[in-house]
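Student: Based on the provided sequences and hints, a complete structural model is requested.
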Amino acid sequence: MQQNDDLDNSFERLLLISDSEDDGNGSGSDQSCSPLVEADTEDGGSDDSDSGDNDDPDDEWKEVRVGRGHFIFENDDAGPHEDVLTCKTPTDFYELFMKDIWELVVRETNRYGADKNSNWLDTDIPEMKRFIGLCLKMGQVRLPLLRDYWSTSRELTETAEAAPVMTRARFETLLRNLHLADNSNYDAQARLYKISPLLKLFNAASGSLFRPGRRVCIEESLVPFRGRLLFRQYIPSKRHRYGIKVFKLCSEGGYTCKIRVYAGKDCTRTGTVAETVVVGLMEEYLDQARDLFVDNWYTGISLAQMLIKRSTNLVGRKGLPLDVVQTKLKRGQRIARQNADGIVVMTWKDKRDIIMLSTIHDDGIGSSSKPHMVEDYNNAKLFVDTSDQMASYSPFVRKTSKWYIRLFFHIVTQTIMVNAWKLYQDNVGKMRFNDCKRKIFVSLLSQDNATGPCDRPAYEDPCHITWLTTLKKFRDSATASVRADAHSQSPASVESMRGSLMRGRHRGATELVRKSRNVSRTRVATLNVGTLTGRSCELVEALERRRVDFCAVQETRWSCCKSRDIGRGFMAVCAAVPGPPVVLI
Numbered sequence: 001m002q003q004n005d006d007l008d009n010s011f012e013r014l015l016l017i018s019d020s021e022d023d024g025n026g027s028g029s030d031q032s033c034s035p036l037v038e039a040d041t042e043d044g045g046s047d048d049s050d051s052g053d054n055d056d057p058d059d060e061w062k063e064v065r066v067g068r069g070h071f072i073f074e075n076d077d078a079g080p081h082e083d084v085l086t087c088k089t090p091t092d093f094y095e096l097f098m099k100d101i102w103e104l105v106v107r108e109t110n111r112y113g114a115d116k117n118s119n120w121l122d123t124d125i126p127e128m129k130r131f132i133g134l135c136l137k138m139g140q141v142r143l144p145l146l147r148d149y150w151s152t153s154r155e156l157t158e159t160a161e162a163a164p165v166m167t168r169a170r171f172e173t174l175l176r177n178l179h180l181a182d183n184s185n186y187d188a189q190a191r192l193y194k195i196s197p198l199l200k201l202f203n204a205a206s207g208s209l210f211r212p213g214r215r216v217c218i219e220e221s222l223v224p225f226r227g228r229l230l231f232r233q234y235i236p237s238k239r240h241r242y243g244i245k246v247f248k249l250c251s252e253g254g255y256t257c258k259i260r261v262y263a264g265k266d267c268t269r270t271g272t273v274a275e276t277v278v279v280g281l282m283e284e285y286l287d288q289a290r291d292l293f294v295d296n297w298y299t300g301i302s303l304a305q306m307l308i309k310r311s312t313n314l315v316g317r318k319g320l321p322l323d324v325v326q327t328k329l330k331r332g333q334r335i336a337r338q339n340a341d342g343i344v345v346m347t348w349k350d351k352r353d354i355i356m357l358s359t360i361h362d363d364g365i366g367s368s369s370k371p372h373m374v375e376d377y378n379n380a381k382l383f384v385d386t387s388d389q390m391a392s393y394s395p396f397v398r399k400t401s402k403w404y405i406r407l408f409f410h411i412v413t414q415t416i417m418v419n420a421w422k423l424y425q426d427n428v429g430k431m432r433f434n435d436c437k438r439k440i441f442v443s444l445l446s447q448d449n450a451t452g453p454c455d456r457p458a459y460e461d462p463c464h465i466t467w468l469t470t471l472k473k474f475r476d477s478a479t480a481s482v483r484a485d486a487h488s489q490s491p492a493s494v495e496s497m498r499g500s501l502m503r504g505r506h507r508g509a510t511e512l513v514r515k516s517r518n519v520s521r522t523r524v525a526t527l528n529v530g531t532l533t534g535r536s537c538e539l540v541e542a543l544e545r546r547r548v549d550f551c552a553v554q555e556t557r558w559s560c561c562k563s564r565d566i567g568r569g570f571m572a573v574c575a576a577v578p579g580p581p582v583v584l585i
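Residue numbers for the sequence shown follow full-length UniProt numbering, so the first one is 1 and each next one is one higher.
Mixed in with the good hints there might be a few duds.
Stated by the list, open to error - Here are the computed lysine to aspartate or glutamate pairs in the EDC-like style, where the Cα-Cα straight-line distance is at most 16 Å:
{"#": "1", "residue 1": "Lys88", "residue 2": "Asp435"}
{"#": "2", "residue 1": "Lys328", "residue 2": "Asp353"}
{"#": "3", "residue 1": "Lys309", "residue 2": "Asp287"}
Calculated directly from the structure, the hints in this document are not laboratory data.
Tutor: Okay, structure coming up:
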C-alpha cells in the first residue's frame, strides 16, 4: 500500500491512496477481478433477471370479475419492541441498532490494524463513537478538504470543527484500518464476506426492534461506487449510475426491516432470481397475510402463485399475458385479465403504459381517476422513497475503492439513522430528520475523550499556542514533571530545552507563553529516535494517550534520524490539537 506522505491531502485523495489492502491473504479478490460491470435498467434489464415468464399456456385468462381481496391479517406483535418504548432521545434509538455493531467494528479494526502494524494502538468503543460522530458531522458541515476540519483559519470556520474531538492523524489511522471481518477466515467464494457480519447484525436488530404491519414493500437502492468490483451495477436512470445494488424490505413510513446486497449471478441458486430475493427478504414475514408491493424486477406469475400459497398478496409492475401487454391504448384506457388463481394483470395508459399485476385488486377506478391497483402501488412505493430521501440528506460520501467501507457508511450513517428517526417519530414526537441526526452526532462526539480536557484545560488558540502552553510551568518547576528521566529533570536540561524553544521556528516563545493559560502540572516524555519505527500517526496518538505535554528528543540523536516519515510525524505533533510539542535537548 502506498503510504500517504502528504498529511494535507484532501479526504478524497487520502481514501484513494490508502484503500488497497496488503494483508497478503487474498482479501481483495473481488477488486483483483477485471473491472466488469453488470448493466441494469429500471425495468430490470440485468443479465441475471428471469426470462420466459410470459403467457403460460396452462393459464386461461378471462375478463376480470372481482379481485381476490386480502388475506386476513391478525399479527398481534406488529409494532415496536418493548425496548423501543423505553427510549427518549434520538441517540437512545440509534444505540439500539449500534450496540453490537460497535463491538464488531472495534474488534475487527483492532485485529486488522495489529496485523498490518506492530505498533498499532488499539481503539475502543468511545473512540469509535467519536470517529463515527465526526463522519456524521462532516456530512452536514461541508468543507473542501479533510485538513480544513482541523484548521483554525477564520476564512473557513470560527473554530476547528474536529480538533477538540480527535487528532487528524488518529482519524486517518482509523479510517485506513476500518474493518468488519476476520481476514484469517477469508472465503474467496463468499463475495460478501467482508460485509456479511455487519449485514447480519443490522438485519437482526432491525427485525427485532420493529415488526411491520400488513403492507410492506421491496425496492432496490444503488449505493454509489465507481471502483473495481465484480458485481458493480450500471443503471443509467439513477442519479449515481454506478454502484452496488441493495435490496430493501421497508414498512410503512420508510423503516428498513431487512437489506440484501446483490452480489451478481449465483450459479447455486434454485428458482428464479425474483423468488430468491423475495423469499430471502420475506422469510420471517410469509404466511402472515401481508400485502407485498414490488417493482417490475420481482414481479411474475410464478412468484405470485408461490406467494398465494404462502398467504401473501403481491402487487407489482409487470404485464402478462401478451394480449394485455401488446394492446394499443389511448390515454385513460385500460385492459385487464384474470386467471383461475385470481391473479389480475392490467395495462393502464397514462403518459405511458403502466403494466400492473395484483393478487388483491380488480380493475376498478379510484377517486383520482386512476385504478385502485395503481393508487395503492404508488402509496406503497413511498415507503422506500421516504427511506432513500431521508438517507440522501447530508450523506457521508467519500471516494474509496473499498466497496465494503462504502456499504458500511451507507448502513451506519444513513439507513440506521433513518430507522432511528422513524422510531423516534412514532414513539416520542415529531422532529426534522436533520435535527435528529444533529442530536445523534453531538451525543457521539461527547463520549469520554482520552485526549480531551479531563487532565488539561482547553486552549485559546489550539493550532498556534498549545505547543508552548506549559513552557513556563516546566521552566519554573521541572522537578514536578511526570515521566521525566534524570537528564530532563536536571537544571541544565531545563535551560537547554528553554534555549531550544527560543531558536529557529520557536522565536517569539515568550510572547506566546504570556498569552497562553497556566496549567496545573506538566508531563514530559523523553524519546530515543532509534526506537521510533512504524507509521508516525500511531506514534502521535500514543503520546497523546499518555497525556504528554512535552516530547523531548536529544538533538544529537535527532540529527541522525533518516526517516522522513518520522520527521513528518514530529512536525505534525507540533501542530496537533491537542498534542505534545517536540523539543530538542
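Student: Checking each numbered hint in turn, tell me which of them this model violates, lowest number first.
Tutor: none
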